[in-house]
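Going down the list, the sequences are from chains Y and C. Read left to right, the first sequence gives residues 1 to 316 (the numbering used here). Read left to right, the second sequence gives residues 1 to 445 (the numbering used here).
Treat the hints as calculated values from the structure; they're not laboratory data. Just so we're clear, the structure is a prediction, and the values are computed from it rather than from any experiment. The beta-carbon is built from N, C-alpha and C at its ideal position, and this holds for glycine as well. Among the hints, erroneous ones may be present.
Not close to chain Y: a few residues of chain C, all C-beta gaps over 12 Å, as computed [claimed, not checked]:
1. Y132
2. G140
3. P308
4. G311
5. N378
Pulled a few chain Y residues facing chain C out of the computed Cβ check, cut under 8 Å [as the list claims (entries may be wrong)]:
6. S155
7. D274
8. R278
Residues per chain, in single letters:
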Amino acid sequence: MEAMSRNPAHASLRLRRLFRWRPHQQWEAYLFILPSVLGFSVFVFAALIASLGISLTDWGLVGPKAFVGLDNYRSLLRDPVFALALGNTAFYVVTIVPLQLILGLLLALALNQGLRGRETFRMIYFLPVVTTLVAGAIVFRLLLGSNGPLADAVSAVGRLIGQPLSLPDLLGSTRYSKWAVVLLTLWKNTGFTLVVYLAALQGVPQELYDAAHVDGATSWQRLRHVTVPLISPTTFFLFILQTIGAFQLFAEPFVLTRGGPAQSSLSIVQHIYDSAFRFALMGKASAIAWFLFFFIFGFTLLQNYFQRRWVHYETE
Amino acid sequence: MSLRNRSAHSALLAVALAAAACSPAATPAPTSQAPTAEATQGAVTLTWAFWGSPEEAASHRLVADAFTKEHPDIKIETWNEPWDNYFTKIQALWASGDPKAVPDVAFLWPTPKYAAEGVLENLDPYIQKSGYNLNDYWGGLLESAKYNGSVYGLPRDIEVNVLYYNKTLFDKAGVAYPNDNWTWDDLLAAAEKLTVKDASGKVTQYALAVEGGKFAKWVNQNGGGILDDYVNPSKCRLADPESIAGVKFFADLMNNGYAIRDADLSQAGGDEAVFLSGQAAMIIQNTSRVSAFNKANLNYDVALVPIPKGGKRWNPAGGAAWVISAQSDNKDAAWTFLSWLQSKDGGEKIYTERGEIFPALQSAANSPAFLTDQPPANKQAIVTEAGASGVGGFGYFPDWDELNGTIISPVLQKIWTGEADPQQVLPELCQNVDQFLKDKGYPKK
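Chain C extracted, bound-state conformation:
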């Protein structure tokens, strides 16, 4: 074997290996049917791309059928891949530059990054022409789909993080269920009682399991932040006293054994697994867990996430969005489809009814589609948290992924392992963030 070829090709190898690593045997069967001859005169065929599990794909197809029933002149072909492969493949399609191969409407995240590359259609003209109502979206949500002030995508759902709690474990520990007035102190007091250790001091039941990536909740509740501006930043805010205190609150939960450490949580299979198995009495997570918990007949409910005394409720405004490809040759039909997807009685209703999403539209959340008699009982908590949505969880600029992936999250991970003290490492982290922003030319005019 020639060494030259082997070594220079680490990049390709990486891709091949990654592909091998990410798709264990389950190479998705291409779901799009071969383009059939158009049956009706003047019918338009749109290619629609999304990721998701087989269950999610089934919901998407239901949506496509409902749309075609209302609009017989527009046919929908679907293209789907699992989350792990989706982005690599869709990027490859765009890179190929073949408008026939590129999906007309796609599910995408993060929208600003792709908008900056020029592959997405600016939706402003379509919104104006059709009088589409943007005010129905939750606060700050559209920021996640904007670039240079223009809307490039319509978010399908919003991530609403609430506190799930296991009623059985609360009853066993004799702790009152969380209510709307709980503060961080109440959470700590309950955590103390809900944490169970064995004789050797090993924790056998954690009070709380939260992904490290959700730290921004504590920071923003406490009046802190990550950046001074999430669209066009100039300064890091993680060294502000309020931010440090928020990070410290979370780190102390782990250091005291109340909350499972981030790395241990992912080894244990994530918050869904530890909550289902009773290893954790509470988790903070978005509504995507509801269907799994209902299926398992778990005795649980949801509540507002406790806030610090004098703090405020805050929820990260972000969700994957439907976009139109700039290379599409059926843009008007694509807009018809997109605006139907994002209407209270269209796609939003079906996804919400099937329990796939918490809707991006306030009207859909306040409709019978969401307010069902299925658990969790306290749906009002979800609506209240959604109402507290705003920027602050992540950047809405193209370089955010790199900034977060290479600079911010490694330092935070070190805090979650208990090896670093927030007080000491966050000021230095902020210097590095500021330097990164400067190197990349932020703030941009």
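Here chain Y stands alone, though its shape is the one from the complex:
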């Protein structure tokens, strides 16, 4: 194969083979992906292209469109709510992503010890992932509320130890509302991180641990120099996925706090939603969506560039 691909004639033949339209051989395959392709074209691709056009107009969803060029993008620079939502979203990214990775890894390491009832624990941690977010958020709202059971428990503990203790108003104050959202997101998503990490941990060859052991490595050193490098491709995958997810956080703050109080937990995607469907500013909403796209795209490229510094593939 090596020799073949170096030969230009062979290479171009291979390319042509790869891209040749061979309906007599593959029509079943195309048929299988047709529903997905159709759905994607209409509901994703067409809408995507349309949103680019809409971002250049002033449109209230029901009235006529007026072309305004790049005004919507320029107006973002002067929109204080946009800046605020961007700041909140940055907060979500820098808190949720690392916390979720660390928590997920720690739980996976614990479950990987082969303790009894591992399956039960795994199920318990994974349960939130398959729970409806809205239901979860409503329970969180009841739990964390200033008159909720958590607040009652904290003040009960305070009475026991004779100190006035009280839970900060997590949902009702602008200082803590973002943390409430972080808490909900961690509860919801850490199970996924855990399961992916668990699979990765089980793929680390035992010989390497044995070798390290023979060399006198402590358990911390084994973790630091064997486990962490070997599961770094998984970390990279989760890191990218979670960063994008955190940038696009919407349902969690939307259901838990409605972005409040006083926009303190408003995420950038909820700002898109509000602009489009509360204030009927479709052009502005599309412009923010495209801004977010380029922002995440650039961020992901950067991550991809820096991965060579810390991601180790076994084949290398």
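Model the placement of chain C on the given structure of chain Y, informed by the hints.
This is chain C only, laid out in the frame that chain Y set:
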């Protein structure tokens, strides 16, 4: 999964998620029957759109039946969605531009925004031709359905905010029931006695529960305001001393523990829930709570909302309105239906009798349909507050939602949490409001 598609589509995702978030399983069954072949020669079929709970939808259908009985030549098909989805869906119908799909008559709010988009029929010519009486509406109410001076919708009801009080809790605290002469000072004195705290200082019973969004009542009672003109504004008035004092009165009620904080109120399930459970002795709310309180056999009554010394009564004039779509192909029949809905013996009577609304028409409010022997006993308080209706609660211009949602209400929310002092933040808020108005080209000529 391709990152490109994922990230660029946050907007669509947002919609999908929002839809998922807003409609927990209860996707409404489409209630409109499939268009049947028209039975009678020359019969017209109108599509009628509204939002509401199953109980409300049942009232609407009762109204449609009563109308068809009087006008056999006009058939009514209904289209309904819960409040959360209604506006998105009806906007999508309009955006589709298909006159067959667009409802002929719809329930809508806020009317000026849609009128500005050109999707609503100007009702002035119909009103003139038929001699429909606009003077029967409560003061200022029609402003909420006007655009550029023309009427684009007829409000079905008016939001009349009154003070509900729990008689049992008042008796227990030994406080006299509110009367027509109560001032803010009387309210404070009663609140002091009606607030119950446990040993650790936590409030277990609030004297009062009022949504933060109702702050305009205090401001206007005190002679303040939000804007200098609610149709074509040029200046913010929230930094006027009277306005600041009104906001401060409300904020102090919360800061002193007399009134439940706005964010806590919504977590606790809203004023209806805390009033029913006895967590709050008084609430200020519109008449929509009456049926729930009656159903629960609560020992309550309503009263006028106390005013400051030297202040005036004030009630926000606003209510969702019936409109006719500009794309309708049966506009005359639609007007026949609309004007019947908004007549004392037509739709207004049925909705009022069923306890759905406080009627937009003064004649309907002063009729037996409203003055029943059902609680609350003090119906006169509701009629008196309605008579004090005027502009001042919100803007009647298309950009109001955005102005309020992005600039005004976030600052007020910060005041309701106790983190901001009205004296300090309202002047800056007003500068931002003025800048917004300037950027949007207000005042318009």
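Going through the hints against the structure:
| no. | hint | in the structure |
| --- | --- | --- |
| 1 | Y132 | holds, 26 Å |
| 2 | G140 | holds, 24 Å |
| 3 | P308 | holds, 27 Å |
| 4 | G311 | holds, 28 Å |
| 5 | N378 | holds, 31 Å |
| 6 | S155 | holds, 6 Å |
| 7 | D274 | holds, 7 Å |
| 8 | R278 | holds, 6 Å |
In the structure shown, no violation is registered for any of the earlier numbered hints.
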